[in-house]
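**Student:** Sequence:
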Amino acid sequence: AARRELEEELGLIADALTPLHVFAMNPGRSVGKTHLFLATAARRGHAVTDDPAEQVRSARMPLAELDRLIAEGEILDPTLLVARTMAAAKGLLPPVGI
918 AARRELEEEL GLIADALTPL HVFAMNPGRS VGKTHLFLAT AARRGHAVTD
968 DPAEQVRSAR MPLAELDRLI AEGEILDPTL LVARTMAAAK GLLPPVGI
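Read in order, the letters of the sequence shown are residues 918 to 1015 in my numbering.
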């Protein structure tokens, strides 16, 4: 399902998907869980979603730039914050730093 969502929503095809973490975005209000994966060797495919609620865009940036934006409070998306933290905790990315 993660591989399909990656291609449908972002138009990316990954050679590998590594599970990072499963967490509840809002455990007091919802039973839904978010499943995080690290996609490696991703290449462009074709996004196929027509649902405006699922329109997202991807952006490439150096890891140091992401860490700087996190440190400065510019990144507010909890999913991205958890994904970055868990990838570092599992040794899949360098420790968070600026």
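You may find that some hints are simply not true.
[As the list claims (entries may be wrong)] FRET-style restraints, in silico, Cβ to Cβ:
1) A956 to I992: 30 to 40 angstroms
2) S975 to H952: 14 to 24 angstroms
3) H952 to L993: 19 to 29 angstroms
4) P944 to L997: 11 to 21 angstroms
5) G962 to E989: 14 to 24 angstroms
6) T935 to V973: 30 to 40 angstroms
7) H952 to R974: 12 to 22 angstroms
8) A919 to L998: 18 to 28 angstroms
9) P979 to V948: 19 to 29 angstroms
10) L986 to A1006: 16 to 26 angstroms
Quick caveat, the hints were computed from the structure, so don't treat them as lab data.
Source: prediction; values computed, not measured.
Where is the CB? At the ideal position from N, CA and C, for every residue including glycine.
**Student:** Could you run down the list of hints and mark each one as holding or not?
**Tutor:** Checked hints:
no.: 1; hint: A956 to I992: 30 to 40 angstroms; in the structure: 18 angstroms, violated
no.: 2; hint: S975 to H952: 14 to 24 angstroms; in the structure: 18 angstroms, holds
no.: 3; hint: H952 to L993: 19 to 29 angstroms; in the structure: 21 angstroms, holds
no.: 4; hint: P944 to L997: 11 to 21 angstroms; in the structure: 19 angstroms, holds
no.: 5; hint: G962 to E989: 14 to 24 angstroms; in the structure: 33 angstroms, violated
no.: 6; hint: T935 to V973: 30 to 40 angstroms; in the structure: 20 angstroms, violated
no.: 7; hint: H952 to R974: 12 to 22 angstroms; in the structure: 21 angstroms, holds
no.: 8; hint: A919 to L998: 18 to 28 angstroms; in the structure: 19 angstroms, holds
no.: 9; hint: P979 to V948: 19 to 29 angstroms; in the structure: 37 angstroms, violated
no.: 10; hint: L986 to A1006: 16 to 26 angstroms; in the structure: 19 angstroms, holds
Comparing the model with each numbered hint stated earlier shows that hints 1, 5, 6 and 9 do not hold.
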